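Chains as they are written, first to last, in the numbering used here: chain A, 1 to 256; chain B, 1 to 256; chain C, 1 to 285; chain D, 1 to 285.
Derived by calculation from the structure, the hints in this document are not laboratory data.
It should be emphasised that the depicted structure is a prediction, and the values quoted were computed from it without experimental measurement.
Incorrect hints may appear among the rest.
Distance ranges between label pairs, derived from CB positions [claimed, not checked]:
#1 LYS179/B / GLY18/D: 49 to 59 Å
#2 LYS179/B / GLN42/C: 47 to 57 Å
#3 PRO136/D / TRP93/C: 55 to 65 Å
#4 THR281/D / VAL269/C: 29 to 39 Å
#5 ASP44/B / ASP9/D: 52 to 62 Å
#6 ASP45/D / VAL134/C: 31 to 41 Å
#7 LYS122/B / LYS246/C: 19 to 29 Å
Only pairs whose alpha carbons sit at most 20 Å apart, straight line, appear in this in silico EDC-like list of lysine to aspartate or glutamate [claimed, not checked]:
#8 LYS57/B / GLU90/D
#9 LYS122/B / GLU140/B
#10 LYS57/A / ASP202/C
Counterexamples of contact, computed for chain C against chain B with all Cβ distances above 10 Å [said to hold, decoys possible]:
#11 HIS104
#12 GLU112
#13 GLY178
#14 LYS184
#15 GLU256
Built from N, CA and C at the ideal position, the CB exists for glycine as well.
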Amino acid sequence: MNYTPTEMMTVAAARAIRNDDVCFVGIGMPSAACNLARLTHAPDVTLIYESGTIGTKPDVLPLSIGDGELCDTAVTTVAVPEMFRYWLQGGRISVGFLGAAQLDKFGNLNTTVVGGDYHHPKVRLPGGGGAPEIATSCGEIFIVMKQSKRGFVENIDFMTSLGHGKTGKEREALGVKTKGPSRLTTDLCIMETDPDTREFVVTSIHPGVTREQIRDNTGWAVRFAEQVVETPAPNEIELGALRALNERTARAHAGQ
Amino acid sequence: MNYTPTEMMTVAAARAIRNDDVCFVGIGMPSAACNLARLTHAPDVTLIYESGTIGTKPDVLPLSIGDGELCDTAVTTVAVPEMFRYWLQGGRISVGFLGAAQLDKFGNLNTTVVGGDYHHPKVRLPGGGGAPEIATSCGEIFIVMKQSKRGFVENIDFMTSLGHGKTGKEREALGVKTKGPSRLTTDLCIMETDPDTREFVVTSIHPGVTREQIRDNTGWAVRFAEQVVETPAPNEIELGALRALNERTARAHAGQ
Amino acid sequence: MTKFVSLKDAIAENVFDGDVIALEGFTHLIPYAAGHEIIRQQKKDLTLIRMTPDLIYDQLIGMGCVKKMIFSWGGNPGVGSLRRFRDAYENGWPRPLEIEEHSHAAMANAYEAGAAGLPCAIFRGYLGAGLAEVNPNIRSIECPFTGEKLAAVPSIRPDVTVIHAQKANRNGDVLIEGIVGVQKEAVLAAKRAIVTVEEIVDNFDDVHPNACVLPSWTLKAVVQVRGGAHPSYAKGYYDRDNAFYKAWDPIASERESFQSWMQDNVLNVGPDAFASRVAFTNAEQ
Amino acid sequence: MTKFVSLKDAIAENVFDGDVIALEGFTHLIPYAAGHEIIRQQKKDLTLIRMTPDLIYDQLIGMGCVKKMIFSWGGNPGVGSLRRFRDAYENGWPRPLEIEEHSHAAMANAYEAGAAGLPCAIFRGYLGAGLAEVNPNIRSIECPFTGEKLAAVPSIRPDVTVIHAQKANRNGDVLIEGIVGVQKEAVLAAKRAIVTVEEIVDNFDDVHPNACVLPSWTLKAVVQVRGGAHPSYAKGYYDRDNAFYKAWDPIASERESFQSWMQDNVLNVGPDAFASRVAFTNAEQ
């Protein structure tokens with residue numbers, strides 16, 4: 001079956017989600033991956049959106065973090081202060097998903113400013129939103145992001161949310177007990193966090209992608225694991241479920 | 001019309017409640033007085049019970065602070081942490097009602113221990129419950145209590161909740177911005193707080209009660225205001241409403 | 001994930017000697033049936049937490065299960081004292097009882113902070129109050145913006161929280177409605193949570209989107225016990241048995257009458273006895 | 001007590017130049033109609049607070065009403081940047097804009113603390129985060145029991161909070177349901193609160209006892225504005241106009257197209273225009 005790099009990325013991200021996970025889901029790619037997991041191998045996964053919707057099972061993907069569909073299909077919907085206090089800070093989330101404008105090899109993320117300094121940026125981005133606390137309160141962090149030299153940089157311009165810090169050791173130094181970024185899924189490969197150095201290491205390459213392509217789209221010196229496997233291509237069930245989800249979503253949003 | 005001292009006390013306490021007050025209501029006498037006010041001159045008064053019921057309009061008096069009737073007739077019912085954070089500490093309550101086992105002339109109250117010391121009391125009472133924060137968070141405090149030498153003492157055994165402190169000046173010293181006890185209604189008289197010394201001063205004596213009786217039932221040297229009036233006897237409307245309320249209550253509770 | 005189990009198993013698998021345990025309920029929905037099962041299983045050295053310990057704590061204390069009680073108002077609402085609590089605290093019978101005493105505001109904030117995963121709660125409280133001088137767990141912090149001194153208490157993090165609720169659905173999610181007290185906070189603050197419910201329904205499709213619902217994955221055990229809150233009440237199911245609260249005072253006033261009552265009404269019976277103690281208000285019950 | 005007034009009077013009597021103002025709504029129930037009235041009344045030097053400033057803040061900023069914005073995520077959800085916000089912040093047009101930036105957790109806690117009457121909020125946050133280094137309003141306290149360092153931010157206490165809700169009853173009590181965001185906290189934290197609603201009903205007898213209801217005495221003004229959240233949505237009334245959110249990007253990208261749109265759609269019309277912008281999902285509407 002043919003599939004696009006985005007479909008490969010979504011399927012690869014979805015596969016990492018376990019049936020008993022409680023996921024703090026962001027809009028876009030994480031939302032697609034989490035719902036695909038729910039519609040395939042992880043039917044009991046709990047999806048939580050920061051708008052307050054807990055245990056939601058949307059039939060179509062939401063366009064915003066607070067679409068009505070999320071509330072209509074949730075086990076319950078709580079106020080936003082409760083969401084951040086009882087559910088996120090309370091340590092009830094096993095996996096948080098994050099993306100960013102810039103990412104470094106330690107999984108530190110920037111969604112705040114690009115160029116210049118914080119007070120005089122070249123480009124002012126929307127900001128961190130929930131990211132600073134998602135990064136430290138969830139059991140572990142999965143990052144999903146299209147790979148490019150512009151986004152995968154040696155040094156991020158602003159530390160919106162902590163990955164493993166500038167040296168890979170900052171979490172311990174700050175007394176942060178959660179794992180932090182453990183997995184990065186891109187349109188080219190899967191990287192996992194080296195347990196010692198805390199750098200991302202390529203462990204799985206998507207079918208048809210070369211090491212050269214990965215190097216060309218990464219702003220740091222990419223490390224490959226000793227054993228690199230080929231990511232299994234999306235199977236029929238996965239692709240079928242993803243495409244049906246996307247079709248339902250497109251139909252629903254066109255109807256609005 | 002004939003009436004009992006308890007009826008006089010309830011009616012006198014009710015009269016002090018204004019139509020635009022938001023009252024934090026305790027069980028027993030305060031609850032009777034507040035609901036009598038609501039059923040007579042203050043139809044729009046907002047009654048809040050610490051069980052979380054806001055704007056409740058019970059048809060019969062509750063026996064406990066969390067009777068179903070309170071929730072059934074409330075504008076809304078909130079969780080107890082919210083009650084203490086947003087509604088009491090948030091400064092939204094104009095009048096709090098308190099009673100106690102012991103009271104001194106500065107309106108300091110004891111509902112914790114009598115005799116001995118805190119760790120080895122002669123009698124262990126139920127404790128303060130909401131009183132410590134009701135005493136300082138409400139706009140002002142009305143106390144309703146049957147008068148007796150045992151209860152109206154020179155020195156309370158334990159400072160469960162702050163009135164005007166041991167010298168009358170403690171609220172300012174602690175930076176407490178609310179008025180504190182401003183009115184004490186008993187079965188014999190009404191006392192109000194002297195704006196200078198912060199001691200209770202008798203300002204109104206119930207019909208047929210003598211100054212001697214008041215002195216005999218007070219453990220401190222009672223002060224009388226220069227102008228002491230006679231409390232108007234309960235009128236027909238007040239007595240009628242109170243008795244009907246008590247009858248409905250007795251009937252409802254007997255039926256359980 | 002939630003397990004639908006028997007009350008006996010729920011208590012045996014989740015409550016251990018020496019545990020810190022909260023059986024919460026603010027007048028409404030007090031988990032009496034679960035408390036009785038703890039007594040039948042003779043759990044020992046418990047530290048009991050509750051804002052408003054009432055008869056069920058009086059019973060646990062009188063039966064010797066309790067080492068310490070953390071509370072803010074310990075009485076028989078509208079009636080008077082807790083006789084067994086006083087006998088334990090004042091006379092050491094059947095064993096000495098330690099106490100840690102707070103205000104309602106402190107306890108409510110401490111549960112909230114526990115649910116929020118924080119080590120402490122801050123609030124504007126205990127100003128001029130005597131408890132602040134006798135309880136070393138009442139401290140303070142200074143606001144880093146205004147310099148105001150605010151009270152601080154440790155968060156409450158029970159080993160086990162036990163509550164009673166109206167309904168569970170087949171998935172094990174639990175609905176609490178009406179006077180919800182601090183039950184949600186007490187459950188989320190605890191390491192393990194047990195819920196007894198009046199009814200198990202297929203789904204919560206007819207429930208308000210912002211109702212107080214505890215998802216099944218926040219609970220260890222869900223048990224149906226009809227009438228399980230008696231003499232407290234369950235809104236929509238049965239009313240508070242005020243007569244029983246009044247009757248308790250003479251029962252508890254003497255050690256012998258207390259023990260005899262416990263033998264007949266707790267030790268010799270099981271959770272099924274509760275359904276017959278209440279008058280269900282709902283025709284369908 | 002609540003007054004049922006016109007939107008014009010509600011804004012004129014409660015929003016003043018230089019005010020600190022929160023128009024809250026978390027994707028759902030954003031008070032667009034009220035924001036447009038503020039623009040029509042040419043309020044100046046406002047400090048705007050919101051967790052997720054979206055198009056309505058872009059519009060207020062682009063029309064020169066705003067001196068400062070306090071926020072945690074400032075974008076067009078699912079689309080991209082706020083063009084007018086960026087033009088003001090990066091280029092000073094139509095006037096320079098100050099910002100104070102926090103995380104969602106910080107803002108949510110700060111609203112909560114504001115509603116609770118506290119001077120500050122504490123939480124476990126900003127660990128290793130860059131904002132803590134550039135925002136002097138991010139400080140810390142030490143837990144007096146564990147020694148843990150916790151983040152502290154000032155509570156949010158707006159002069160005015162404006163929200164949109166589903167319903168008011170005749171008494172002026174307001175019901176919010178679905179995604180309730182921080183609206184209750186924002187109202188209770190404010191000195192004055194204005195609510196626009198879709199509908200005024202006789203009573204709330206059919207409402208869940210624990211629904212999010214703001215009693216009338218917590219509000220200064222209640223105004224019926226049908227469709228008043230468009231292009232945001234009101235659960236039970238109409239859906240989110242995602243097409244409009246996408247269409248806004250080219251409109252806002254140039255100063256001229258922005259001004260022309262504002263002239264036609266805000267300055268030249270009144271709140272009644274909103275009802276025709278939405279497709280009510282409820283047959284009875």
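Verification of the supplied hints:
Here the CB-CB span from LYS179/B to GLY18/D is close to 31 Å, at odds with the stated 49 to 59 Å. A hinted range of 47 to 57 Å holds for the C-beta pair LYS179/B and GLN42/C, which are about 52 Å apart. Under the hint 55 to 65 Å, the C-beta atoms of PRO136/D and TRP93/C, about 59 Å apart, fit the expected range. Against the hinted window of 29 to 39 Å, the Cβ-Cβ separation of THR281/D and VAL269/C comes to about 54 Å, which falls outside the hint.
The hinted window of 52 to 62 Å between ASP44/B and ASP9/D is violated, with their beta carbons roughly 23 Å apart. Roughly 51 Å separates the CB atoms of ASP45/D and VAL134/C, a value that falls outside the hinted 31 to 41 Å. With their beta carbons about 25 Å apart, LYS122/B and LYS246/C fall inside the hinted range of 19 to 29 Å. About 55 Å separates the Cα atoms of LYS57/B and GLU90/D, which puts this hinted pair outside 20 Å; it is violated.
With a C-alpha separation of about 32 Å, the suggested pair LYS122/B and GLU140/B falls outside the 20 Å cut-off, and the hint is violated. Proximity of LYS57/A to ASP202/C is assessed by CA-CA distance (about 17 Å); at most 20 Å being required, the pair is judged to hold. For HIS104/C, the shortest C-beta to C-beta distance to chain B comes to about 4 Å, within the 10 Å cut-off, and the non-interface label is violated. A beta-carbon of chain B comes within 10 Å of the beta-carbon of GLU112/C; the shortest separation is about 4 Å.
Interface exclusion of GLY178/C from chain B breaks down, the closest Cβ pair being 5 Å apart, not more than 10 Å. Its beta-carbon lying about 7 Å from the closest one in chain B, LYS184/C breaks the requirement of being farther than 10 Å from that chain. With a closest Cβ-Cβ approach of about 22 Å to chain B, GLU256/C is found to remain outside the 10 Å limit, as its non-interface label requires.
Hint check: violations occur at hints 1, 4, 5, 6, 8, 9, 11, 12, 13 and 14; the rest are consistent with the structure.
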